[in-house]
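In my numbering, the protein residues as written are 1 to 80.
It is worth saying that the hints were derived from the structure and are not from the lab. Here the structure is a predicted model, which is why all the values come from computation and not from measurement. It is possible that some hints are incorrect.
[As the list claims (entries may be wrong)] Simulated restraints on C-beta separations:
1) P71 with Q41: 30 to 40 Å
2) V23 with A66: 15 to 25 Å
3) F39 with K67: 37 to 47 Å
[To be verified] EDC-like mimics (lysine to aspartate or glutamate), calculated; alpha carbons at most 20 Å apart, straight line:
4) K8 with D43
5) K58 with E80
6) K65 with E36
7) K11 with E74
Ideal Cβ placement from N, Cα and C applies to all residues, glycine included.
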Amino acid sequence: MNQLQVVKHLKRRLNIPFFMDIVILRFWSIWTTRNEWIFNQIDPTIDNCIRKFFRELKMVIHRAKAKHVQPLREWIQARE
């Protein structure tokens, strides 16, 4: 599977309109967790990365289109 196929597969599996926000924020959480390890010597943990992801995703609610707010909240609640 190439990268484009992986992204398309993930989009089909998630089946949500805010799919790209989730992908970007997931990568952002990994990136910032890595940076904390390199620059601040904070040991990276999966739990910390997940917490960052949900914290950032909750901030997306404030700038999301009205039609996506409730589905986004429900998606977050189902996974926290």
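Status of each hint after checking the structure:
1. P71 and Q41 have their C-beta atoms about 39 Å apart, which keeps the hinted 30 to 40 Å range intact.
2. Between V23 and A66 the beta carbon distance is about 22 Å. The supplied range of 15 to 25 Å therefore holds.
3. The beta-carbon spacing between F39 and K67, approximately 39 Å, falls within the hinted interval of 37 to 47 Å.
4. The straight-line distance between the Cα atoms of K8 and D43 is roughly 33 Å, outside the 20 Å bound, and the hint therefore fails.
5. For the suggested pair K58 and E80, the alpha carbons sit about 11 Å apart, so the restraint of at most 20 Å is met.
6. The straight-line distance between the Cα atoms of K65 and E36 is roughly 32 Å, outside the 20 Å bound, and the hint therefore fails.
7. As the CA atoms of K11 and E74 are separated by approximately 18 Å, the hinted pair is consistent with the 20 Å bound.
Checked against the numbered hints given earlier, the structure breaks hints 4, 6 and satisfies all the rest.
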